[in-house]
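Q: Kindly produce the complete structure, drawing on both the sequences and the hints.
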Amino acid sequence: MRDKSHMESVEKWAEFVRNNPRSEWKKAVNMLVDATYKKSNEFYKRLEQTAKGREILERLKRERLKR
Amino acid sequence: MERGVSDRNILDEFVLQFCKIVEKYVKYIVVSGFVAISHGRKRTTEDIDMIIEKMPLERFNLFHEELDKKGFHCLQPTKVEDVYDYLEKGDSVRYVRKGTFLPPEMEIKFVKDELDELQIKTRKKLPFTGLNIWFSSIEFNIAFKEELLRSDKDMEDAKHFRIIYKDEIDSQFIEKIKEKIRKLRLKK
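So the protein lines, in turn, are chains A and B. Okay, so the first sequence: first residue is 165 according to the numbering used here, each after it adds one. Okay, so the second sequence: first residue is 29 according to the numbering used here, each after it adds one.
Do not rely on the hints blindly, as some may be mistaken.
If you want the ones that stay clear, here's a sample from chain A, every Cβ over 10 Å from chain B, calculated [to be verified]:
| id | residue |
| --- | --- |
| 1 | S173 |
| 2 | A178 |
| 3 | R182 |
| 4 | P185 |
| 5 | R186 |
| 6 | A215 |
| 7 | R218 |
Here are the simulated DSSO-like pairs of lysine-lysine, each with C-alpha atoms no more than 30 Å apart in a straight line [stated by the list, open to error]:
| id | chain 1 | residue 1 | chain 2 | residue 2 |
| --- | --- | --- | --- | --- |
| 8 | A | K191 | B | K181 |
| 9 | A | K176 | B | K149 |
| 10 | B | K52 | B | K140 |
| 11 | B | K149 | A | K168 |
| 12 | A | K190 | B | K126 |
Keep in mind that the hints were calculated from the coordinates and are not lab data. Just so it is clear, the structure is predicted and the values come from calculations on it, not from any experiment. For each residue, glycine too, the CB sits at the ideal point set by N, CA and C.
A: Written out as structure tokens, the structure reads:
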């Protein structure tokens with residue numbers, strides 16, 4: 165999925181980081197990171213609500229313990 | 029009570045609003061990183077990837093206009109013909125909220141081969157995500173990650189999908205997709 169528009173986007177972002185105070189670009193990054201964590205937590209809460217979901221959670225936990 | 033759009037996180041809100049507009053014009057699928065994070069993977073994605081069916085310029089014009097009216101701005105050239113030209117040449121174009129170029133960002137591209145056509149044809153709604161939108165099937169996501177993308181992050185995503193959908197995955201279909209990837213994308 166990496167093409168011309170991706171590189172243009174990377175360049176724009178790098179310029180934004182270079183030309184703006186850390187507090188500005190950090191705010192944008194944090195919003196994105198917070199949203200992904202919120203999404204993840206919401207997903208696991210949805211799983212907990214069904215028997216099948218709880219079974220999947222157990223599988224995921226077992227896999228995590230193997231690491 | 030159905031959940032309103034406003035109490036969702038910014039990523040879901042952005043995607044839901046965008047998909048609501050796209051589906052009036054063409055079939056679409058959300059693919060790649062967003063599918064993984066919608067299944068609980070704790071990682072970020074720089075953009076949300078979407079594949080859409082090809083459409084004539086006249087229809088694309090209306091689509092682009094509606095996106096503009098509803099507060100989405102294209103990061104590529106301002107003339108709609110030029111935006112369309114990007115897509116026609118196989119490049120992607122990116123839409124963000126008006127007044128910013130910051131994420132979230134929707135990267136859209138036209139279907140490019142029979143593999144993409146099959147992805148659209150076999151698209152799925154995935155209730156675990158909590159989102160009423162169209163995704164590429166889990167089989168497609170696994171096949172692309174294991175056969176084409178293959179970074180550590182992609183292999184972990186594929187494993188995550190295999191655990192979650194253990195009882196539902198069609199392994200033969202994954203192999204069929206991988207075969208097509210080798211033929212069409214890896215030219216093996």
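Q: It remains to establish, for every hint, whether it holds in the given structure.
A: Hint by hint, here is what the structure shows:
no. : hint            : in the structure
1   : S173            : violated (6 Å)
2   : A178            : holds (12 Å)
3   : R182            : holds (14 Å)
4   : P185            : holds (15 Å)
5   : R186            : holds (15 Å)
6   : A215            : holds (13 Å)
7   : R218            : holds (13 Å)
8   : A/K191 - B/K181 : holds (25 Å)
9   : A/K176 - B/K149 : violated (35 Å)
10  : B/K52 - B/K140  : holds (21 Å)
11  : B/K149 - A/K168 : holds (27 Å)
12  : A/K190 - B/K126 : holds (20 Å)
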